[in-house]
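One letter stands for each residue in the lines below.
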Amino acid sequence: MPTTAFSHTVEQAEQAGRMPTRRTVTVTDVHELAPGIVRFTFRDEFIARNVKPAQFVNLYSSNPQHLMPRPFGVSDVDGDKVSLIFAVVGYGTEEFATLKAGDHVDVLGPLGKPFDISADADYLLVGGGLGIPPLLETAQALAGRADCRALAVLGYRREHFADVYAAKYADEVHSIDESEGNVLTLLERLWPKLQEGGRELIILSCGPTPMMKAVAEWAAKRGVDAQLCMEQRMGCGYGTCVACTVDTRDGREKVCEAGPVFTAHQLGWDNK
Amino acid sequence: MNIEQELNETPTNLYAPHEWRHGTVVAGVPWKNPVGTASGTFNVDACGQFYDVAQLGSVTTKGVSPVEWLGNPGVRTAESPAGTVNAVGLQNPGVDHYLEYDLPKLKGLGATVVANVAGHCDDDYAQVVEKLADSAADMLEINVSCPNVTHGGMSVGTDPVALGRLMDRLRPMTNKPMIVKLTPNVTDIAAIARAAAEGGADCLSMINTLVGMRIDIRTGEPIIANRTGGVSGPCVFPVGLACVWRVRAALPDIPIIGIGGIDSGEKALEYLYAGANAVEVGGAALYDPTAPIRVARELEELLDARPELTEKLAKGDTWR
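Those protein sequence lines, which keep their order, are chains A and B. Just so we're aligned, residue 80 is where the first sequence starts under my numbering, counting upward by one. Just so we're aligned, residue 1008 is where the second sequence starts under my numbering, counting upward by one.
FYI, nobody ran anything at the bench for these hints, they're computed from the structure. Any given hint might turn out to be false.
[Unchecked claim] The calculated lysine to aspartate or glutamate pairs, modelled on DMTMM-like cross-linking and capped at a C-alpha distance of 20 Å, are: (1) A:K192 - B:D1052; (2) A:K292 - A:E275; (3) A:K292 - A:E257; (4) B:K1319 - B:D1260; (5) A:K160 - A:D182; (6) B:K1112 - A:E336.
Predicted model, so just to flag it, every value in this text is computed and none were measured.
Excised from the complex, chain A in its bound form:
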C-alpha cells in the first residue's frame, strides 16, 4: 500500500454510513493446532462486533508482489479478538502463519451472506477439514440461544484439531477421521436419535464440495433443509470483480456476495 495522507478509520467510515475499508490490525496470537494447520487471532472490534456465522474476512500480504486478498471464514470471536483457522497451502498462508503477537496485518470484513439461523431448531453443523472453522463460529452464535441446539458433526483427515473449540459452544460434538469413515458415517449413526425429538432439523455444512453435495443429498432424502457454505477461488471478495462464481438455480452467482452460503435447493443438490 502506498503512503497516503488520507486516513480511513473504522469510526470515520461508520460515521459516514460506509463499510470500513481495508485496514491494518494487530495480531495477538498465532499457533499451530496440528501440522500445517494454524489458529490465527487478531484484534478488530468492528469484525468482532458484526461478524455472523459463515461470514469471512480478507487478509492481505505485506509483500507488494502478492496483492490479492486471501479469504478465511471466521472461527470464533472473543471480545474484540477474531480468530481464523487455516492450513498453510501457499506463500500467502505461509506469510500469515509466521506472524507473531504484536505484528500487523491488513484485513477487510466481515464479508458475505451468513447462514440463516433465524429458526428455532436443532442445527446439525456438518463440517469437513478446513471447512470446520465457520461452523465453530456458528456454534458460538447458537450457544446464546436457549431455543436452539447445535450438534457438531465433524470429519477430519487425521488430527481432530477443532474438537476442543467445538466443545466450547456446541451441545454435542461428534467427530471422525479417515481411519474410521466420514461425516456421512456419523450422520447415519446419529439419524435414529435425531428423529426422536420431533424438533425441526436444519443442516449447516462447510467442507470440500463433494462432501457438501453428499451431505445435501443425504439431507434431501430425509426431508431436512440444508445450507452450504461454498468455497471458490476469489478475487476482490466483496462483489465487484465477478471471479468467484457458482452455478445456481437463480443463475451464475458470486460466491463472495450472493454466498458463500447457498441452500441445497439453490445449488440443485436437493433432488427436486
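Chain A is already provided as a structure; the job is to place chain B on it using the hints.
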C-alpha cells in the same frame, strides 16, 4: 520538495464531505476530478458500500451485452507478481437489466456514468448502443479490447479495418460521447488509435489488460479455466503509461483516459503528464476497495502545486 512533503502531513478523513478543486473535461463531459473507475472493477452495490460513487470524476460500469452473458467457467482468477490474471469473460445480466437497475441507481446517486459496451460481433455492439443511445449514461465506452472472449472484444481492437467497420456502424447511432477502449496487445497501438479516431471516436481509453497466464506446477496445467486471461495491477503501470505517451504523440488532439496499474496519486499524475485528460483506477480496487477515491484525493493534493497543468485540464486540454 519531495512527493511525501507535498502531501499533507496531517491525515485527512477520506470519508469527509469534499469540494473538488481540480476538474477536467473529457470529450465535452465535465468530470469533477480526473479519476474514474475502470470497467470490470466497479459495481454500484459492491463499491457503493465503501464510498460515495458520486465523488469520483466518473464511474465506468462493467461491460454490458445485448442479453445476459454467463462468462467463462471457473477458475477465473490467479494472482501474478504485483498483479492478477483474470478471465471472467464479461459475465453480465444484459443491457435491459443495466437500464432498469444499475444506470438509474448510479444516476440517482449523482454519478457521472460511462457505460461500457461489449459484444461478440458488430450486431451485438449495435444492439447495446441502440438501447443506450438515449439513456441517462453520460458517455459510452466501446470495449474492443477484452482478451477473454472468443469473438468480438480484442479481435476487433487489434484490427484497424474491423474497428473502422464497427465505428462506421456505431457512430451514426448516437450523439453521446463515444470512447474506444484500446488493447495493449498490438504491435502499434497508435495505428489502432488512429482507426478509432477516424471512425469518429470522441475519446480513447487505454489500456485494457495484457494477455497472460499462470500454470499450477503441481498439475502442469493452467490455473485459469480459460487458460489465458488478462493481466492487471501495478505490474502493467509502465505499459499503460507508454501506450498513452505513444498515442498522444500520434494524435495530439483526441481526449485520452489513461488506465493501467494506478494505485496512487503519483501514478495518476504520471499519466496526466504523459498526455491523458483523465485516468481510471482498476485493479487496485480489487485489493483496496476505496482506492479510486483515495487516488482522487491524493492526485488533488499534487495538482494544487501544478496550476499550469490544472488550467489545461479544466479547459479539456492536456499537458502534451
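Among the hints numbered above, which are violated by the structure, and what are their numbers in rising order? Violated hint: only 2; rest satisfied.
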